[in-house]
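Visitor: Place chain E on chain A using the hints.
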Amino acid sequence: MQSEFAVELRDVVKKFITPEGNELIAVDHVNIQIRNGEFFSMLGSSGCGKTTSLRMIAGFEWPTEGDIYIEGEPQGHRPPFLRPVNTVFQSYALFQHMTVFQNVAFGLEMEHATKSEIKSRVGRALEMVRLSSMDRRRPSQLSGGQQQRVALARALVKTPDVLLLDEPLGALDLKLRKEMQLELKALQQQVGITFIYVTHDQEEALTMSDRIAVMSYGRVLQVGPAVEIYERPTSRFVADFIGESNFFDGTVKAVNQKKAVVTIPAWKQDLQATLVADAAAGDAVVVSVRPEKIQISEQPKTNDNCLEGVVFNSTYIGSDTHLFLDVGGQQVKAWEQNRVSSLDPHLFYRKDQKLWLTFPAENVLVLPKE
Amino acid sequence: MASSAAVPTDVKRPSLLRLIRENKVAQGLTLISPANVYLVLFMVVPLILVGILSFLSRGEYGQVLFQFNLSNYTRLLDPIYGRILLYSLGVGVATTVLSLLIGYPLAYYIARAPARQRSLLLFLVLVPFWTNFIIRIYAWIMILRAGGFLDTVVQWLHISDQPLHLLYTPTAVMIGMVYEFLPFMILPLFTSLEKIENAVLEAAADLGAPPYRVFLRVTLPLSIPGMIAGTILVFIPAMGMFVIPDLMGGAKTILIGNVIRNQFLTARDWPFGAAASMILMVLTMVFTFYYARRAGLSEELVV
Numbered sequence: 043m044q045s046e047f048a049v050e051l052r053d054v055v056k057k058f059i060t061p062e063g064n065e066l067i068a069v070d071h072v073n074i075q076i077r078n079g080e081f082f083s084m085l086g087s088s089g090c091g092k093t094t095s096l097r098m099i100a101g102f103e104w105p106t107e108g109d110i111y112i113e114g115e116p117q118g119h120r121p122p123f124l125r126p127v128n129t130v131f132q133s134y135a136l137f138q139h140m141t142v143f144q145n146v147a148f149g150l151e152m153e154h155a156t157k158s159e160i161k162s163r164v165g166r167a168l169e170m171v172r173l174s175s176m177d178r179r180r181p182s183q184l185s186g187g188q189q190q191r192v193a194l195a196r197a198l199v200k201t202p203d204v205l206l207l208d209e210p211l212g213a214l215d216l217k218l219r220k221e222m223q224l225e226l227k228a229l230q231q232q233v234g235i236t237f238i239y240v241t242h243d244q245e246e247a248l249t250m251s252d253r254i255a256v257m258s259y260g261r262v263l264q265v266g267p268a269v270e271i272y273e274r275p276t277s278r279f280v281a282d283f284i285g286e287s288n289f290f291d292g293t294v295k296a297v298n299q300k301k302a303v304v305t306i307p308a309w310k311q312d313l314q315a316t317l318v319a320d321a322a323a324g325d326a327v328v329v330s331v332r333p334e335k336i337q338i339s340e341q342p343k344t345n346d347n348c349l350e351g352v353v354f355n356s357t358y359i360g361s362d363t364h365l366f367l368d369v370g371g372q373q374v375k376a377w378e379q380n381r382v383s384s385l386d387p388h389l390f391y392r393k394d395q396k397l398w399l400t401f402p403a404e405n406v407l408v409l410p411k412e
Numbered sequence: 003m004a005s006s007a008a009v010p011t012d013v014k015r016p017s018l019l020r021l022i023r024e025n026k027v028a029q030g031l032t033l034i035s036p037a038n039v040y041l042v043l044f045m046v047v048p049l050i051l052v053g054i055l056s057f058l059s060r061g062e063y064g065q066v067l068f069q070f071n072l073s074n075y076t077r078l079l080d081p082i083y084g085r086i087l088l089y090s091l092g093v094g095v096a097t098t099v100l101s102l103l104i105g106y107p108l109a110y111y112i113a114r115a116p117a118r119q120r121s122l123l124l125f126l127v128l129v130p131f132w133t134n135f136i137i138r139i140y141a142w143i144m145i146l147r148a149g150g151f152l153d154t155v156v157q158w159l160h161i162s163d164q165p166l167h168l169l170y171t172p173t174a175v176m177i178g179m180v181y182e183f184l185p186f187m188i189l190p191l192f193t194s195l196e197k198i199e200n201a202v203l204e205a206a207a208d209l210g211a212p213p214y215r216v217f218l219r220v221t222l223p224l225s226i227p228g229m230i231a232g233t234i235l236v237f238i239p240a241m242g243m244f245v246i247p248d249l250m251g252g253a254k255t256i257l258i259g260n261v262i263r264n265q266f267l268t269a270r271d272w273p274f275g276a277a278a279s280m281i282l283m284v285l286t287m288v289f290t291f292y293y294a295r296r297a298g299l300s301e302e303l304v305v
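If you read the protein sequences in the order shown, they are chains A and E.
If you count by the working numbering, then the first sequence holds residues 43 to 412, one letter each, in order.
If you count by the working numbering, then the second sequence holds residues 3 to 305, one letter each, in order.
So that you can see chain A by itself, here it is in the shape it has in the complex (with noise of 0.2 Å):
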């Protein structure tokens, strides 16, 4: 019987007694439904719950709460041997006694695979991670790139119905990693098979995902499509963690459907806003404007939200302008991008120039206050 969801936390929490005797709740209340065939990532900084989370589906810890569903199935205190996923671990984990191909046959061994059939499949898997002419190789005398592949190809082997991968990435150099990224996307379409990823690296997850699910402290804090989780963060920590944005303390005036007028008291101003979350007239909220949606220019435009400023750091980044600017005793920062190649300096904004920053009212998000 297929169900509709690969794997189901309802109501996990997994509480781990430190050796101190005191007594840290890592996940705490977690409810996520991952799709079949979904790629989907788990986001946050380290110690947010996402490795634990991770770890309970493969079943190396059990939840103290809830349980954990794979396929329809409550896992309960299935031990990993049990269970229909596979783990690709951080640090490879590769088993070095033995060859590329002897790891990647392991799996199936186990499962008590003919020999022929090991071993047209684990061909086939390290085809697929092209790492066929390595496979009689020790895996201290392949370089990380390579003993990453082979780690893939050892969990993928095993066609799980859900591949967990915990930061595989991590020890990877910045190239290769970005490289590894898209071909791991392209992987994960082409078995079908459902991954889920850990990563505390927001551009990687926001690459790969088809939905991130951000943590912090043990909880979910919101579930959704990289474009959703950037565009419409529904709070102040998720605005904050994934790229970057400027925060404005202000009271809500007025509130229509999803639109809403909000005081800015550092400006004595009004801003026309969009809502994201439930808020009412009167409540005390954070308004976001993310810097690369902040339009400047020199001259005053007519639109609403239309604020003077003046640069007080511009910083040269390449593609981008980071400006630094003083709008009413309030620190605004505002990317511009570079579309002009020239070496004039004239043509870019500079230290002590006063300008016009608009915020589209489709751009100013109203947060919940923390």
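The set of hints was computed from the structure by calculation and includes no laboratory data.
Mixed in with the good hints there might be a few duds.
[Claimed, not checked] Partial chain E-side listing against chain A, Cβ under 10 Å, derived:
#: 1; residue: Pro116
#: 2; residue: Arg118
#: 3; residue: Ser121
#: 4; residue: Leu209
Heads up, the beta-carbon is just placed ideally off N, CA and C, and yes, glycines get one too.
Guide: Showing chain E alone in chain A's frame:
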């Protein structure tokens, strides 16, 4: 004056210090020479002397006569010495195997214990070395002798009313030998087992291996270096041991080590003792090399 003093003199002139500083081979030689000098003086030279001695003969009053002959070796062909050698080999192997069987689970337990407990547990393994070896053997005699501690406990528990008569039996020798050599097995095993990453064991389970297969296919093969080292550390000294069979085996258990000791100290037949030493050494070396090669090969073959 001041400027000339600042120039190191050995920059221009070749000197021993400069040679050591710049030459990798010289550096290596410098590092190993203290040990080398010691070993040549106190091991290689005596060994050559014993080797020469084994071809000489004993005088009427126990003095050494410089008459070259092979009779010391032909005497060893007597079946009685063959039996003793074989028996010593058996005791050596049994000590090693028992230490391995008892030591492995313990080493595994220590290696998998939380980091802060690990050093305490290792420390406990080494505690016996705080007391003199002979004193510890006498403590075992107190425990095992008729009416001793063990008999008292056995009688108190109503297991048996009769004394066990363990002391001065081969069993007592085995108890003493395993007791003495167990730490030498545990420490290298621990070192090997500790190196195994937890994630590797998890990976094996994740790939569908139940715990016993994780052990047989991953833990055991990865601990072979520790098993080899432990076996060598236990087997070689066990082969030459004479104190434990002397004190705990009475006159009934004679190992090749006892034969050698008796030739040197009691019978005053140094050439014959030397020949027996040489045979023991060769036998131990052959056995150890054969084992290490086989184990090393199996490490390659175990998959």
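Visitor: Indicate, hint by hint, whether the structure satisfies it.
Guide: Hint check:
1. Proximity of proline 116 (chain E) to chain A holds as hinted, the smallest CB-CB distance being about 7 Å (cut-off 10 Å).
2. The beta carbon of arginine 118 (chain E) is positioned within 10 Å of a beta carbon in chain A (closest approach about 7 Å), and the interface hint is therefore held.
3. Because the beta carbon of serine 121 (chain E) sits about 14 Å from the nearest beta carbon in chain A, more than 10 Å, this interface hint is broken.
4. Hint status for leucine 209 (chain E): holds, given a least beta-carbon distance of 4 Å to chain A, under 10 Å.
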